[in-house]
Amino acid sequence: MLDSLPLSPKQVRSIAHATARINVWHGAIRSGKTIASLIAFLIAIAAAPSSGLIIIVGRSLQTIERNVLDPLQDEALFGPVARLVQHTRGATTAVILGRTVHLIGAADSRAEGRLRGLTACLAYVDEATLVPRGFWNQLLGRLSVPGARLFATTNPDNPGHWLRKEFINRQGDLDLRSWQFQLDDNPALDPKYVASLKAEYVGLWYRRFILGHWVQSEGAIYEMFDAEQHVVRNIPHITRWLCDAIDYGTVNPFADLLIGLGADQRLYVVSEYRHDSRAARKQLTDAEYSAARRRWLAAVPHPQAGNVVGVRPEWTIVDPSAASFIEQLHRDNTPSVMPADNTVLDGIRGVAGLLAADRLRIHASCTGLIDELPGYSWDDEAAEKGEDKPIKLEDHSCDALRYGVRTTEALWRPHIPTLMEVAA
Numbered sequence: 077m078l079d080s081l082p083l084s085p086k087q088v089r090s091i092a093h094a095t096a097r098i099n100v101w102h103g104a105i106r107s108g109k110t111i112a113s114l115i116a117f118l119i120a121i122a123a124a125p126s127s128g129l130i131i132i133v134g135r136s137l138q139t140i141e142r143n144v145l146d147p148l149q150d151e152a153l154f155g156p157v158a159r160l161v162q163h164t165r166g167a168t169t170a171v172i173l174g175r176t177v178h179l180i181g182a183a184d185s186r187a188e189g190r191l192r193g194l195t196a197c198l199a200y201v202d203e204a205t206l207v208p209r210g211f212w213n214q215l216l217g218r219l220s221v222p223g224a225r226l227f228a229t230t231n232p233d234n235p236g237h238w239l240r241k242e243f244i245n246r247q248g249d250l251d252l253r254s255w256q257f258q259l260d261d262n263p264a265l266d267p268k269y270v271a272s273l274k275a276e277y278v279g280l281w282y283r284r285f286i287l288g289h290w291v292q293s294e295g296a297i298y299e300m301f302d303a304e305q306h307v308v309r310n311i312p313h314i315t316r317w318l319c320d321a322i323d324y325g326t327v328n329p330f331a332d333l334l335i336g337l338g339a340d341q342r343l344y345v346v347s348e349y350r351h352d353s354r355a356a357r358k359q360l361t362d363a364e365y366s367a368a369r370r371r372w373l374a375a376v377p378h379p380q381a382g383n384v385v386g387v388r389p390e391w392t393i394v395d396p397s398a399a400s401f402i403e404q405l406h407r408d409n410t411p412s413v414m415p416a417d418n419t420v421l422d423g424i425r426g427v428a429g430l431l432a433a434d435r436l437r438i439h440a441s442c443t444g445l446i447d448e449l450p451g452y453s454w455d456d457e458a459a460e461k462g463e464d465k466p467i468k469l470e471d472h473s474c475d476a477l478r479y480g481v482r483t484t485e486a487l488w489r490p491h492i493p494t495l496m497e498v499a500a
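When we follow our numbering, the leftmost residue of the sequence shown carries the number 77, and every step to the right adds one.
Derived by calculation from the structure, the hints in this document are not laboratory data.
Among the hints, erroneous ones may be present.
What the hints assert, rightly or not - Distance windows between CB atoms, simulated:
#, residue 1, residue 2, range
1, S412, A92, 30 to 36 Å
2, R142, K241, 24 to 30 Å
3, V420, A374, 39 to 45 Å
4, A356, S412, 36 to 42 Å
5, Q162, L421, 21 to 27 Å
6, T195, P235, 30 to 36 Å
7, G248, K274, 30 to 36 Å
8, A96, V420, 50 to 56 Å
Positions of the beta carbon are idealized from the N, C-alpha and C atoms, including for glycine.
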C-alpha cells in the first residue's frame with residue numbers, strides 16, 4: 077500500500093510514529109495529512125485487539141462518508157486494499173479489513189450519549205475541531221482497552237481552541253504526538269493546482285488553510301474591500317438574476333440584496349431594499365415586508381436594457397431563523413423560496429475570495445451594504461475564547477450578502493474564474 081502512493085518524508089514519519097494514545101494530524105487543506113492518517117488507521121485496524129469497538133467520528137454521517145470512507149474505497153489511492161472497505165450509503169457501520177467499524181456523527185453535545193456504555197480499542201476523528209469538547213472527553217474515556225489509540229485530523233482553527241490549548245500544546249505532558257502540515261508538504265498535487273489554491277485563499281484563511289497556522293481572527297473581516305474598486309455606478313448586462321437574499325429584522329433593519337451574474341463573469345449586487353424600523357419609527361409586518369419586496373423588485377431596471385424594469389430572481393433566499401416570514405412568502409405565492417445556508421465562516425470566506433479577485437462588485441445605490449462592509453469586524457472577546465465570530469452589530473446587509481453568495485454558489489461558481497485564472 078505504501079509503495080503505490082507518492083508519500084512525503086513527513087507523511088512517512090507520521091505513519092511510522094503514530095503509536096501514542098492520541099495522534100493528531102493538523103494543518104493546511106490538501107496537505108496530505110488525511111492520507112497519512114488513513115494509512116496509519118488501516119495499519120492500526122489490522123493490528124487491533126479483538127476486544128473493544130473500532131469507531132470513526134465525524135461532524136455527521138455524510139462527512140464521514142465523504143472525508144473518510146470514500147477515500148478509503150478509492151483504488152487509485154489504496155489499490156487492492158480499497159476492496160476491503162465495505163459500506164452501504166447511510167448505514168452506521170462499515171466493514172474495514174474484516175472488522176466492523178461504527179460510524180458516529182457528533183454535531184452537538186447530544187452526541188455524547190452515543191458513547192455511553194461502550195468500550196473502544198481504536199477511534200478515528202475527522203475534523204476534530206468541530207467535535208464538541210464533551211464528546212471528545214467521553215471518547216477518550218471510552219478508549220480503555222490496553223493499547224487503545226485515537227487518530228484525529230483537523231484544519232487549524234483559532235489558537236485558543238481547546239484542542240490546541242489543552243492537547244496539542246501539552247503533548248510533552250500527555251501520551252500524544254502531532255504533526256503539522258503545509259500545502260507544500262503534499263507531493264501528489266499538481267503545481268498548477270497548488271498555485272491556484274494559494275491564490276484563492278486570502279487573509280485569515282490563507283494563513284490557516286495554506287500555511288497551516290493556528291492564527292487568531294482580528295480586525296476587519298473584509299480587509300480587501302476597496303470602495304474605489306468594488307463600488308460601481310455602471311453594471312453590465314446581467315445574464316442570470318440569481319437571487320434576492322434577505323436578512324430579516326423587525327426591530328433591527330430588514331435587508332434584501334438583489335444579486336446577479338454579469339456578462340463580465342462577476343457577481344453584482346444590483347439593488348438593495350432596506351427598512352430600518354428605528355430610523356423610520358415604524359415596524360412592518362411580514363405581509364408588509366412581502367409586499368414591499370414585490371414593489372421593489374418590480375421597479376428594478378435591467379442594466380444595459382433601456383427602459384426594461386422588473387426582476388424575477390431565480391431564488392429568494394431568507395434568513396433561516398425567519399420562519400414566519402418564509403411562511404408569508406409562501407402564502408403570497410413567491411416562487412423558489414429557500415432558507416439560507418448560514419455556515420458563517422464558509423460564507424465569509426466565499427465573499428472575501430470574490431472581493432480579493434475583483435469578482436464581486438456593488439452598485440452605488442446599495443448604501444446599507446456599502447456602509448456596513450468597512451466596519452464588519454471579528455469579535456475580539458469571542459477570539460479570546462477560541463471562537464471565530466463577527467461582531468453582531470451593523471451587519472444586516474453583510475449577512476444578506478453571505479447568504480446569497482454561499483447559497484447560490486453552485487449556480488455561479490462554474491462561470492466565475494478562479495483567482496489564478498484572473499491573474500493569468
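Quick rundown of the hints versus the structure:
Roughly 54 Å separates the CB atoms of S412 and A92, a value that falls outside the hinted 30 to 36 Å. A C-beta distance of roughly 29 Å is found between R142 and K241, which places it inside the suggested range of 24 to 30 Å. Distance hint for V420 and A374: a CB-CB separation of about 32 Å, inconsistent with the stated range 39 to 45 Å. The hint said 36 to 42 Å for the Cβ distance between A356 and S412, and at roughly 29 Å that hint is violated.
Take Q162 and L421: their Cβ atoms lie about 35 Å apart, and the range 21 to 27 Å is violated. Against the hinted window of 30 to 36 Å, the Cβ-Cβ separation of T195 and P235 comes to about 34 Å, which satisfies the hint. For G248 paired with K274, a C-beta distance near 33 Å keeps the hint of 30 to 36 Å intact. Distance hint check: the CB atoms of A96 and V420 are about 34 Å apart, inconsistent with the given range 50 to 56 Å.
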